[in-house]
Amino acid sequence: MKRSVLLFVLTLAAGLFIGTCFTGQAVAADKKAAVKTVTVATDATWPPMEMVDAKKNIVGFDIDYMNAIAKAAGFKVVYKNTAWDGIFAGVAAGKYDAIISSVTITPERQKEYDFSEPYIAVGQILVVPKAVKAKAIADLKGKKVGAQIGTTGAFEVKKVAGVELKTYDEVGLAFADMAAGRIDGVVCDNPTAANFALQNNEYKAKFKIVGEPFTRENYGIVVKKGNKELVDLLNKGIKAVKAKGLDKQYEKKWLR
Amino acid sequence: MAQIDKTKKDPSGGPKKVSIDVGDGAAIPSREDVGLFTAWRVAFFGAIACILYLAFFKPDPYVEILKFLPDGIYVTFKVTVLSIVFALAIGLFTGLGRISKNRFINGAASLYVEVIRGIPLLVQLFYIYYALSKFVNVPDMASAVIAMAVCYGAYMGEIFRAGIQSIPKGQAEAARSLGMTPAQSMFHVILPQAVKTILPPVGNEFVALLKDSSLVSILAVSDLLRRGREYASESFNYFEAYTVIALVYLVITLFLSKLIGIMEEKIRAE
Chain Z
0 MKRSVLLFVL TLAAGLFIGT CFTGQAVAAD KKAAVKTVTV ATDATWPPME
50 MVDAKKNIVG FDIDYMNAIA KAAGFKVVYK NTAWDGIFAG VAAGKYDAII
100 SSVTITPERQ KEYDFSEPYI AVGQILVVPK AVKAKAIADL KGKKVGAQIG
150 TTGAFEVKKV AGVELKTYDE VGLAFADMAA GRIDGVVCDN PTAANFALQN
200 NEYKAKFKIV GEPFTRENYG IVVKKGNKEL VDLLNKGIKA VKAKGLDKQY
250 EKKWLR
Chain F
0 MAQIDKTKKD PSGGPKKVSI DVGDGAAIPS REDVGLFTAW RVAFFGAIAC
50 ILYLAFFKPD PYVEILKFLP DGIYVTFKVT VLSIVFALAI GLFTGLGRIS
100 KNRFINGAAS LYVEVIRGIP LLVQLFYIYY ALSKFVNVPD MASAVIAMAV
150 CYGAYMGEIF RAGIQSIPKG QAEAARSLGM TPAQSMFHVI LPQAVKTILP
200 PVGNEFVALL KDSSLVSILA VSDLLRRGRE YASESFNYFE AYTVIALVYL
250 VITLFLSKLI GIMEEKIRAE
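Residue numbers (numbering that gives the first Met the number 0), protein chains in the order written: chain Z, 0 to 255; chain F, 0 to 269.
Hint data in this document are derived by calculation from the structure and do not stem from the laboratory. What you are looking at is a predicted structure, and each value in this text was computed from that prediction instead of being measured. Think of the CB as a built atom: it goes at the ideal place given N, C-alpha and C, for glycine as much as any other residue. Where hints are given, some of them may not hold.
Derived Cβ-Cβ restraints for the label pairs, each shown as a range [claimed, not checked]:
| no. | chain 1 | residue 1 | chain 2 | residue 2 | range |
| --- | --- | --- | --- | --- | --- |
| 1 | F | V41 | Z | T105 | 40 to 50 Å |
| 2 | Z | I57 | F | A48 | 44 to 54 Å |
| 3 | Z | P106 | F | I261 | 50 to 60 Å |
| 4 | F | Y126 | Z | A91 | 31 to 41 Å |
| 5 | F | A245 | Z | T105 | 24 to 34 Å |
| 6 | F | V41 | Z | E211 | 53 to 63 Å |
| 7 | Z | K207 | F | A42 | 48 to 58 Å |
| 8 | Z | A82 | F | A42 | 23 to 33 Å |
| 9 | Z | F7 | F | V122 | 21 to 31 Å |
| 10 | Z | N56 | F | I261 | 20 to 30 Å |
Listed next, the in silico DMTMM-like pairs over lysine to aspartate or glutamate satisfying Cα-Cα at most 20 Å (straight line) [to be verified]:
| no. | chain 1 | residue 1 | chain 2 | residue 2 |
| --- | --- | --- | --- | --- |
| 11 | Z | K142 | F | D70 |
| 12 | Z | K142 | F | D139 |
| 13 | Z | K157 | Z | E107 |
| 14 | Z | K110 | F | D59 |
Sequences are here, hints too, so could you generate the full structure?
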């Protein structure tokens with residue numbers, strides 16, 4: 000009796016394993032087809048740029064934009080939902096070909112990775128609870144300000160002396176922590192700040208956005224250093240998308 | 000970590016008594032265990048040598064990483080020590096509750112152990128930190144310590160229960176016949192003897208808790224792992240940063256398990 004149970008479990012395990020192998024092969028066979036497939040990583044926790052909707056699809060401004068680029072430049076996109084912390088290491092290791100995940104083009108990142116042309120301009124902005132009277136991060140001296148780990152928002156908070164930076168795996172956790180009263184501010188890109196502070200039903204009564212964005216940044220698509228072929232392909236697509244005015248259309252759809 | 004001790008032969012010449020000692024912590028080295036003893040030495044001094052070598056010959060970025068970490072190491076220790084203190088207290092009460100004849104107390108303690116042991120620590124941390132913050136506002140460090148202590152308290156409770164039950168019944172009966180109350184016999188006779196049995200597994204839990212404390216980094220508690228991740232996310236030196244973190248954790252856990260090993264030997268010698 001016991002042996003038959005063991006046999007059953009082993010058969011099941013073997014079946015699952017073989018099944019996985021075959022799916023892997025199917026994907027590999029797909030890649031050999033005439034249309035080039037580009038695997039793109041995105042951290043879908045950054046609404047409205049990239050997020051997972053109720054049907055578990057990855058959607059957002061970046062996703063629409065990337066699909067339009069692919070259509071214009073003639074390649075196929077496969078998305079890989081990847082945690083932000085480590086997303087850069089993955090492109091360097093060749094786990095995927097590109098990253099579209101609201102990545103700001105910075106000189107430090109350009110040293111390690113190649114970027115496409117900028118596709119949208121944003122800025123860092125401070126979000127605080129309604130009761131907090133602060134005009135800038137510097138007004139929160141001696142207090143805790145949150146940001147997502149490894150984002151330009153975190154780097155901006157770190158620059159301000161006297162403010163304690165708290166880093167989170169996802170920006171949503173930083174907002175949850177602010178709602179719980181453990182931190183007094185969150186710094187992130189303005190579209191995402193607007194999504195959490197103005198559109199989120201739970202947060203819009205609690206939080207407010209402070210003034211205007213205090214940095215000017217450009218998002219770019221990240222590829223492995225030296226992958227010029229893909230950069231050219233992406234730039235061609237971005238140019239076409241801008242020429243068609245699709246970018247304005249997506250801004251209206253996602254950013255309002 | 001499973002350690003199979005085949006050396007204990009049954010004196011009657013019967014089949015070998017094999018004891019399998021399974022714990023989550025690093026192996027506690029003892030003098031009889033010659034192979035493990037040298038393994039400890041190789042790992043401990045090897046890790047220290049690695050850190051020194053990297054810092055000396057590749058100061059950029061290794062010295063920078065090492066400079067980035069100390070406050071994280073302090074936080075890791077703080078979380079571990081505070082958690083173990085509270086876990087011990089919770090464990091003692093749970094252990095006593097588990098052997099209580101009062102059906103309500105016994106049921107409550109058993110339920111606590113069953114529920115906590117059935118939920119992954121990572122889920123508990125998220126739950127106490129983010130889910131319960133809807134009702135009560137607990138600071139981040141306290142929240143991390145509560146979550147770790149509540150989790151480990153359940154395991155400690157089982158250790159205390161086993162330790163107390165390992166003391167022969169005659170001891171309690173003798174204490175009662177001397178006119179001691181049940182509480183007096185527990186705290187003056189049973190527990191002091193049980194401590195000897197309880198200490199080794201508690202030491203193991205201590206090392207295991209130190210390693211599991213790396214999970215609190217998800218709560219934005221700036222422990223060793225989070226500090227390393229912050230460094231890596233800004234410099235993109237993933238390999239270097241995680242190498243140093245792994246080595247530092249290794250040195251700390253090996254050092255602690257050695258301390259616990261020495262402590263155990265002293266207790267056994269007494």
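For each hint, the structure was consulted:
{"no.": "1", "hint": "V41(F) to T105(Z): 40 to 50 Å", "verdict": "holds, 43 Å"}
{"no.": "2", "hint": "I57(Z) to A48(F): 44 to 54 Å", "verdict": "holds, 46 Å"}
{"no.": "3", "hint": "P106(Z) to I261(F): 50 to 60 Å", "verdict": "holds, 52 Å"}
{"no.": "4", "hint": "Y126(F) to A91(Z): 31 to 41 Å", "verdict": "holds, 35 Å"}
{"no.": "5", "hint": "A245(F) to T105(Z): 24 to 34 Å", "verdict": "holds, 28 Å"}
{"no.": "6", "hint": "V41(F) to E211(Z): 53 to 63 Å", "verdict": "holds, 59 Å"}
{"no.": "7", "hint": "K207(Z) to A42(F): 48 to 58 Å", "verdict": "holds, 53 Å"}
{"no.": "8", "hint": "A82(Z) to A42(F): 23 to 33 Å", "verdict": "holds, 30 Å"}
{"no.": "9", "hint": "F7(Z) to V122(F): 21 to 31 Å", "verdict": "holds, 30 Å"}
{"no.": "10", "hint": "N56(Z) to I261(F): 20 to 30 Å", "verdict": "violated, 57 Å"}
{"no.": "11", "hint": "K142(Z) to D70(F)", "verdict": "holds, 18 Å"}
{"no.": "12", "hint": "K142(Z) to D139(F)", "verdict": "holds, 14 Å"}
{"no.": "13", "hint": "K157(Z) to E107(Z)", "verdict": "holds, 16 Å"}
{"no.": "14", "hint": "K110(Z) to D59(F)", "verdict": "holds, 16 Å"}
When each numbered hint is compared with the structure, a violation occurs for hint 10 only.
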